[in-house]
Each structure stands twice: as C-alpha cells, then as structure tokens.
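Engineer: Between the sequences and the hints, there should be enough to build the whole structure, so can you do that?
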Amino acid sequence: MKDQIKSYLSEKTGSATFWAPFIMLFCLLFGSAIWEYSRQNTIAPGTRDAVQTALTQVCTANTGNVYDGVREGYSGGYKKDDTDWRENISKNDILSLIDQRLGTHDGTKVVDGKTLYQISDLSVNLENTPFAPTDTDNIQQFSGTAFFQLTAPIFFGGIALPPVVIPMCVKSGYSPQGDVTFDNSQDDSGGSPVDAVSLSRSAMTLCKGDTDVLAASVLPEDAEDRKISWASADSAVCSVTQSGVITGVDKGETTVMAISDSGKMAQCDVTVVSPVTGVTLDKSNINMIPDATEQLTATVLPSDADNNGVSWVSSDPSVCMVDQSGKVTAVGAGQSTITVMTQEGGYYAECVVKVTIPVTGITMDKTALTVAKGGTDTLTAKVWPDNATEQDVLWASSDSSVCTVDDSGNIKAVGVGSATVSATTKDGDFTATCTINVIIPVTGVSVSPTTLTLIKGTTGTVTATISPSDATDKTVFWTSSDSNIASVDSNGTVSANNVGTATVTAKTEDGGYTAACAVTVKPNTYTVTAIAGNGGSVSGGGVYQAGSDVTITATPYEHYHFVNWTNASGNVIGTGKTYTIYNLNADTTVYAHFAIDTFTVTVNFGTGGTATGGGTYPYGTVITLTAAPNTGYQFSNWSDGALENPRSYTVTQNATLMAEFVPKPITWTYTTQTPGDYMHIHPTDNTAASYYYEKGGFLEKGRVQYNFTTPLTLFAGDTIAMYNQNGYGNEEITIYGDNPDCGILGLTARRNTSNKDSYTLSESMVLHSMIIVVKKANSNHTDGNVKVEITTNGHTFALNSSGTSAGQ
Numbered sequence: 001m002k003d004q005i006k007s008y009l010s011e012k013t014g015s016a017t018f019w020a021p022f023i024m025l026f027c028l029l030f031g032s033a034i035w036e037y038s039r040q041n042t043i044a045p046g047t048r049d050a051v052q053t054a055l056t057q058v059c060t061a062n063t064g065n066v067y068d069g070v071r072e073g074y075s076g077g078y079k080k081d082d083t084d085w086r087e088n089i090s091k092n093d094i095l096s097l098i099d100q101r102l103g104t105h106d107g108t109k110v111v112d113g114k115t116l117y118q119i120s121d122l123s124v125n126l127e128n129t130p131f132a133p134t135d136t137d138n139i140q141q142f143s144g145t146a147f148f149q150l151t152a153p154i155f156f157g158g159i160a161l162p163p164v165v166i167p168m169c170v171k172s173g174y175s176p177q178g179d180v181t182f183d184n185s186q187d188d189s190g191g192s193p194v195d196a197v198s199l200s201r202s203a204m205t206l207c208k209g210d211t212d213v214l215a216a217s218v219l220p221e222d223a224e225d226r227k228i229s230w231a232s233a234d235s236a237v238c239s240v241t242q243s244g245v246i247t248g249v250d251k252g253e254t255t256v257m258a259i260s261d262s263g264k265m266a267q268c269d270v271t272v273v274s275p276v277t278g279v280t281l282d283k284s285n286i287n288m289i290p291d292a293t294e295q296l297t298a299t300v301l302p303s304d305a306d307n308n309g310v311s312w313v314s315s316d317p318s319v320c321m322v323d324q325s326g327k328v329t330a331v332g333a334g335q336s337t338i339t340v341m342t343q344e345g346g347y348y349a350e351c352v353v354k355v356t357i358p359v360t361g362i363t364m365d366k367t368a369l370t371v372a373k374g375g376t377d378t379l380t381a382k383v384w385p386d387n388a389t390e391q392d393v394l395w396a397s398s399d400s401s402v403c404t405v406d407d408s409g410n411i412k413a414v415g416v417g418s419a420t421v422s423a424t425t426k427d428g429d430f431t432a433t434c435t436i437n438v439i440i441p442v443t444g445v446s447v448s449p450t451t452l453t454l455i456k457g458t459t460g461t462v463t464a465t466i467s468p469s470d471a472t473d474k475t476v477f478w479t480s481s482d483s484n485i486a487s488v489d490s491n492g493t494v495s496a497n498n499v500g501t502a503t504v505t506a507k508t509e510d511g512g513y514t515a516a517c518a519v520t521v522k523p524n525t526y527t528v529t530a531i532a533g534n535g536g537s538v539s540g541g542g543v544y545q546a547g548s549d550v551t552i553t554a555t556p557y558e559h560y561h562f563v564n565w566t567n568a569s570g571n572v573i574g575t576g577k578t579y580t581i582y583n584l585n586a587d588t589t590v591y592a593h594f595a596i597d598t599f600t601v602t603v604n605f606g607t608g609g610t611a612t613g614g615g616t617y618p619y620g621t622v623i624t625l626t627a628a629p630n631t632g633y634q635f636s637n638w639s640d641g642a643l644e645n646p647r648s649y650t651v652t653q654n655a656t657l658m659a660e661f662v663p664k665p666i667t668w669t670y671t672t673q674t675p676g677d678y679m680h681i682h683p684t685d686n687t688a689a690s691y692y693y694e695k696g697g698f699l700e701k702g703r704v705q706y707n708f709t710t711p712l713t714l715f716a717g718d719t720i721a722m723y724n725q726n727g728y729g730n731e732e733i734t735i736y737g738d739n740p741d742c743g744i745l746g747l748t749a750r751r752n753t754s755n756k757d758s759y760t761l762s763e764s765m766v767l768h769s770m771i772i773v774v775k776k777a778n779s780n781h782t783d784g785n786v787k788v789e790i791t792t793n794g795h796t797f798a799l800n801s802s803g804t805s806a807g808q
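Mapping the sequence shown onto full-length UniProt numbering, position 266 (from 1) lands on 266, and the numbers just tick up by one.
Some hints here could point you the wrong way.
In silico EDC-like cross-links for lysine to aspartate or glutamate, where the CA-CA straight-line distance does not exceed 20 Å [as the list claims (entries may be wrong)]:
(1) K664 - E558
(2) K775 - E763
(3) K114 - E253
(4) K695 - E789
(5) K373 - E509
(6) K366 - D406
Since the hints were derived computationally from the structure, they do not count as laboratory data.
Structural biologist: Here is the structure:
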C-alpha cells in the first residue's frame, strides 16, 4: 500500500501545499488501521490459547474419576453405583479458568473503564469414551470441544466503530500417562521392551502462572512396560506433575523430561515468559498552549514483562500530535486524547490534553456612560486575541446602589450617582472599566397658563413645571417671539408692551423640551353693546375700563317672557334676565331674546263622539274647537257650558275642555190588527203589546207593527230581548223584522216575566219596522203583556206607545 501511495503521488504535479492536509489525514488513517490490525491479531490468538488451556485442564481433571479396578483400555469417567454404572464427569467452571489466565471478569477484559474484548456464548462439550470399548488401543479417553464468540471494539482514529464479532472453536483432550499402569495380563504373547518415548511437543512457551499439558507415548505399542515418569530440569522455571501438567513458575528456560522405567527418555524445551498485564501513564490530564510540548511516560506492567513495546496515537492531531517517544506537541485550541497501547495484549492508557489560547487583554466599547435612573444600557467587552479559548469575563459594579450589571454586560440604573463598571477576564485577570453616571432626566416641561391676556402696560407671570419633579437638571431658558408686544425675563415675568399677540417659550437645558404660552395684549377700554329682540328692552351697554365687571338687564313686554342671551356668534351665554361680563377685555356685543307667552288647550270628549282643536298656542290666538258625534249620537254641550259646535276660542291661559254627547232619540209609529171579536191587542206606555183573548170557539191571533221614523241601525253585539208578562202559557209570541236578512227574529215567549228570550246580532242590520205577533194556541181565555227592549250603542230602550226612546 505504501508503494501504491508513493506511485500515486509521483504521478501528480502541482503545489504540495494543497495536498499536504490530505496526505496527513491519509497517513493518520493508515497508521490507525495498522495499529488496530495489530491489536486484533494479538487479542484473537491469546483468547483462543486461553480457552484451549482451560479445556485441557478440565479434561485432565476428569482422569481422577476412573473407577478403581477397571482394567486398561476401559474408559474412565464411570462410577459403580450399587449395581449400575453411571457417567462421572465434571466440566468444572471453565470460565473461571479462562478469567484466571486472561485477567478477565466473566469473560470481559476492561482496562481504565473501557472494554478491550469480551468472550460470550461459551459452551463446552466433553466426550467420554463408552464403557468397556471393543477396541481399547489408542483411545483418547476424554476429549472436549469449546465454542465461544469473541467481541472486540474497534478504535479507529479516535472514533469508536462497530465492534468485530468472531465465532471461535477450540478442541483438546487427555491421554493416560504418568503413573497409570496398563495391565497386559490378557496378552498371551507377552510384551515387548520399550524402544523409545515420544512427546506431543518438543518445545513449549508458557506465561508465568499458566499451565499446559504434554502427552507421552512409548514405542512399540505393545511394549511390556509403559510406565512414564516426569521431571523438570529447573523447577524454579517450571514444574511438572506425573500426569504431564506443566506450570510456569518464573521467567527462564528449562527442559521437561518423560522417562520410561527402562530409561528411555523424551524431552520438551520449556520457555517461561512474563506477559504484559497492563500499561499506565505518568499523567492523565495536560493543559497546554499552542506550540508547547510535553513529555508523557508510559510504564508497561509488570516491570519484568518481556515485551515493553508501545504505540502512541492522538485522537485529534489538529489539537495536538504525539510521536512514538510520547512527546506531545500542542497544535490548536481544543481537546484531544493521547492513547498509548502495548504491543502485547492490547492494553492501553489515556491522557486528556486540553490546548487553550491565552487571553492577552480586554477592552470595552465605552469608557463613560450616562443612564437615566431606572433605565438600562449594554456594555460590550472585547477579549484579545479574538481566538482566545476563554472568552468569558466577570462583570462587577463598584456601587450596586447606583447601578447593577449582569453577566452579559447589561446595565441597570438603580439610584442617582456615579459608579464604575468593570469587566475582568477569567483567564489572566485583565480588566477594562466604564464610568456610569446615573441621573433623573427631564422628560418634559409644561407652562401655566398656556394662554395669557394682559392689558397694555401691565405684567403677568408664566410658570414652568419640569417633569419629573425630581429631575436632576431643572434649568429653563425663556424667550418671546415678539418682545415689542410682550417681553419675558429669566423668571417668566411677561411685560405687555403693545397691543397684539406673541408667544413666550420655556426650553429645558436637559433634553431641550419646550412649552409655550400664547400672550395677547389688549387695549385699556372696551365697548359693551346690548341689543334687544322683539318683545322687550335691555339696559347696561356702554364704554367701560378694561378689566371691569359689566352687568346688563333684559325687560320683557306684557304677555312676553325673556328667553336667553347670545353672543355675536349666536352661542347662548346666559338664561337669566341679568348677565354680567367679568373682567372686560374686549369689545363685546350681546343679544337679548324674548318670546310671546304660550298656553296649552286640552280637548277631551265623552262617550258617543270625538273632539279636535286642542294644542299649544301663543297668547291671544283664536282657535276652533269641533265636536263630532258617532252614529246614533248627537252633540250635547262643552264642559264650560258652551253649546256652539264648532266654536271659536281665544287662548289666554291653559285650559281643558270636554265635548259631551248623548244618544239620538229613536222615534216610531205603530198600528194594530185584530182579526176577530175575541182577540184584542194594543201597546201601552210600558209594553210593546197588551193582549186579551176571550174564550171562544176560534183560534185567533193579533199583531202590533212598529214603523221607525228613521231606519234603525243595529250593530253586531246589539241585543233584542222580549218578555211575556202575566201570560197563561197557552199563547205564542213571535217578533218579525222587515229586513230580508233578518226575517223571523226567532223570539218567542210562552209564560211570565221570567221567560225571557234574547237575540244578539252577529252582524249589523238596518230595520224599518218590527212586528209583534200574539197567537192563541187554544180556546182558553188568556191575557198578558209583551215587553220588547232594544240595546244599541250602550243604551237600552223599550218599544211602547210613547213613540220615542227619549227620556228612557
């Protein structure tokens, strides 16, 4: 790859400056990749060997479970239980053996709070040769297979990438050796002498404290004596058990020998090394400024570790760089992490490097500031240089009763006075200040009065009022727009010099606020003109001294009254008969208004008609009053006794008059008809018909007909009632009308006065006559009276021989 990079760059032409950042970035990534590749290649074989060694230890540990007395070739790991055999294998805690060898906890390797790798999903399968196999030669009595998953995080260029996950499988087993004696009594041919001893390995490297297993065998296979003894040439370097289990004791080299009873021997060269268990740094945090250097020292653990090689890397070379000797060079502001990692085991340690650009000074945008009490303003502090790391400043006020300042430089004026606000850098304690003057400013000015009228030769005073009342500077300057007419001094005293108008102005020193008073200078004398309207006279007009109080009086004529006073513009200025002009300061004209007296005539009317002509009229007005009777009524008289209608009435006072009405009298004539000598009928002054029937042999009837002088108009709701007085009950009485719409009125009576028949009209009708018929129902004697009452317009009258309703 390096050759490819070199070839690629050699083909390019142009400025090296342009390519420099890309080349540096590429080299950094390439270096990080090589470093990460080396770490992963260290972790994987190490975990594999540790798992295989632990598996071997488990297999070896199960050799002690062989049942005593079982002949050679029979499998171990079975135990007699009463009359049966049961498998007797213990897998032990293989994970704890792995933790002991690798320094992990539950299979996880953690250094300085960071996970280097993790062994997970561990499963172990131990195979136990069946009990009493057919072929006992070369049988590996115990074998094991371990499956696990290795997870290793990737740190590439200071960035944590998704981890590498590797499924792994290791195998191991145990062969009988050491003091185990094989029984060949069943071999009739006898055994052969041992020719040689061989070992499974001729060389072995162990870490201090670790164990491994050697397998030994003798040749020929049918050798008579197969017993093997084990020995270490230097037990201070490693030890060996009589089952071939070798344990590293201390760093060094020695030889482990396997010896048969016949003296045949095989040996394995054993090298015990001290592995790396960790690494530390002399510093965990460094503060630097650009271009400064700092030396870091790494210590590989343990001190006698065989491989002390380490690699150095910076997580952010734009902040700081590190060479392979641990020398750190600050580049730019920021924070980076320096990591040192052992070549063996992948152990690492870190140091956090913070590079800052120091502050060299501070300035403020204002050195003096005037603020109104209760007001606010903002000061801005500038920290130098622009790219200094620590830009924060501390703000303070020398007198918080005058002004306060917050962490952003915002000023709030509290009380009148002077204070100093300072901004001090957190880095370097550089300070800048601003003097704050808090005042109560003028917000406005007003004058009183706003208009001033003076008589020529007199003086007046205009007063200026500053707002607010506690303003710090209350200085006011006075000027006049025309001193020839009105002049003003520094105290606001105005002198009237000539007739005319001028403007006097007050102006504040603070803020330049202004207020003005309009000054009018008038002459010494004025004329009052009083004019009377129709209906009266006035007095009091004339020439008066300026400033005088002038009273004028209005006098109305008879039958007139005073209304009001108005000025020349027509505006009402008074309603009393006297009017006073106070402080006369101009020629004035006033008008007195009069009006003739008026009275109200109220016209009412009684039942039977209406009346008109009422209203409000001036005194002496002649009005006409008219009474209009309703149908069936006639005018009677006025409430004041007058009989004229219509009538003339002269208005001289308030008056109330009523028109009275009475019903019109109804008049009639009558005729009678008697068909025989036995029936007699005629009206009386109380009845419409008085009848008498002598007993005879004939049935007869009589009638009385009333003819109205003027057709009688009846209205809906009017009634006609009939009474048969003193009758015997053997007669029939019927009333007929001549109006075709009426026909038989349907009124009948058969008995005495209590037998009343009444008819109510549902609509209006006009009758010219009414006929009362009395019919004898049998031949018995009878006599009686018929009374007929008509009610119309609220008045009831009876038909009788009088011929009129008047007086009823």
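Engineer: Checking each numbered hint in turn, tell me which of them this model violates, lowest number first.
Structural biologist: 1, 2, 3 and 4
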